[in-house]
Amino acid sequence: MAINRDFLGREYPAPELYEVTRGKIREFAEAIQDANPIYTDAATARAAGYTDVIAPPTFPIIMGMAGAGQAIVDPELRLDFSMVVHREQRFRYSRPMEAGDLVHCVTRISDIKALGGNELMTLDSEMSTPGGEHIVTALNTIVVRGGAEDAEH
Amino acid sequence: MTATVKYADVEVGQELPEQTYPVRRLDLVRYAGASGDFNEIHWNERVAKSVGLPNVIAHGMFTMAEAGRYITDWVGDPGAIVEFGVRFSAPVVVPDDDTGAEIVISGVVRKKLEDNQVAVALTARSKGVKVLGGSTVVVRLG
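Going line by line, the protein sequences match chains C and G. Take UniProt numbering: the last position of the first sequence gets the number 153, and nothing is skipped along the way. Take UniProt numbering: the last position of the second sequence gets the number 142, and nothing is skipped along the way.
Each hint should be verified, as a subset may be incorrect.
[As the list claims (entries may be wrong)] Listed next, the in silico SDA-like pairs over lysine to any residue satisfying Cα-Cα at most 25 Å (straight line):
#, chain 1, residue 1, chain 2, residue 2
1, C, Lys24, C, Gly9
2, C, Lys24, G, Gly33
3, G, Lys130, G, Pro54
4, C, Lys24, G, Lys130
[Stated by the list, open to error] Stretches of chain G that chain C covers, calculated by requiring three or more beta carbons in the stretch to come under 8 Å of a beta carbon on chain C:
#, segment
5, 7 to 20
6, 113 to 119
[Stated by the list, open to error] Which stretches of chain G does chain C cover? Using the computed rule of at least three CB atoms under 8 Å from a CB of chain C, they are:
#, segment
7, 55 to 66
8, 83 to 93
Note that these hints are calculated values from the structure, not bench results. Where a beta carbon is used, it is the ideal one built from N, C-alpha and C, also for glycine.
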């Protein structure tokens with residue numbers, strides 16, 4: 001079944017602020033096997049001009065995925081999650097995330113369209129401080145395989 | 001901190017040295033925990049095959065993370081990244097053995113932009129198949 005177009009433009013604010021911690025950054029850096037000390041050693045990060053350890057560039061996906069998760073579970077969206085594939089991911093940065101950051105994330109369904117027999121949906125997750133300072137926007141495009149074909153029946 | 005690579009030293013068409021990153025099943029389990037992405041196609045062979053995949057596949061975001069590591073190791077400062085986008089063109093299939101798969105990443109400087117920024121086109125391959133395509137990172141150099 002085709003994705004419900006009425007959802008275009010809908011926004012999903014995260015239910016709570018995300019707290020970026022040194023431990024979570026270390027866990028993520030270890031998982032991607034990135035030994036850059038700027039992710040784990042506060043002295044190195046401070047020497048580089050940051051206030052605490054910073055997070056790797058793809059770390060914000062944690063909040064982006066949570067935001068996308070909020071959006072796609074609504075049954076009225078009519079999205080068959082078993083047929084979903086991650087197609088594109090983009091980040092636009094104002095600065096890296098740092099340990100100690102509190103992050104407010106708002107995810108918006110910014111595009112829904114058919115492509116061949118598939119359906120594409122793009123979700124923009126805008127992440128900022130509680131004071132409104134932009135940190136990064138994550139743009140996640142997913143494909144629902146076969147979604148558009150079903151719509152014709 | 002500013003990037004250790006100087007804008008003036010970079011030329012359009014310049015190739016960045018290719019790097020190889022290993023990925024084993026254990027790495028996918030660890031990445032699942034760290035990222036919160038527990039989709040079973042990334043660790044359960046039975047589920048992966050039931051949806052038509054040849055075997056367990058790496059998270060696309062794991063491959064993107066390695067591409068991020070590739071570029072931050074080149075540029076010096078992870079904070080130098082202004083924009084980073086990838087398209088997942090094929091999955092990285094990870095066999096259940098001790099060596100796993102390899103992700104081979106290369107980059108070419110495509111454009112010199114204003115404000116000391118350059119656009120680098122990234123390519124990632126696994127077993128000769130392009131797994132990231134149409135992928136660009138914009139970095140601000142020193």
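Now the hints, each set against the structure:
Distance restraint check for Lys24/C and Gly9/C: the Cα-Cα separation of roughly 31 Å exceeds the 25 Å cut-off, and the hinted pair is therefore not satisfied. Between Lys24/C and Gly33/G, the direct Cα distance comes to roughly 11 Å. Compliance with the 25 Å bound is thereby established for this hinted pair. Note on Lys130/G and Pro54/G: the hinted pairing holds, with a Cα-Cα distance of about 16 Å set against a maximum of 25 Å. Distance restraint check for Lys24/C and Lys130/G: the Cα-Cα separation of roughly 31 Å exceeds the 25 Å cut-off, and the hinted pair is therefore not satisfied.
Residues of the segment 7 to 20 of chain G lying with their CB closer than 8 Å to a CB of chain C number 0, which falls below the three-residue condition for coverage. Interface restraint, the segment 113 to 119 of chain G with chain C: violated (0 residues with C-beta to C-beta distance below 8 Å; minimum three). Restraint check on the segment 55 to 66 of chain G versus chain C: 6 residues with Cβ-Cβ distances below 8 Å, three needed, restraint holds. Three residues within the 8 Å Cβ limit are the bar, and the segment 83 to 93 of chain G against chain C gives 6, so the coverage statement holds.
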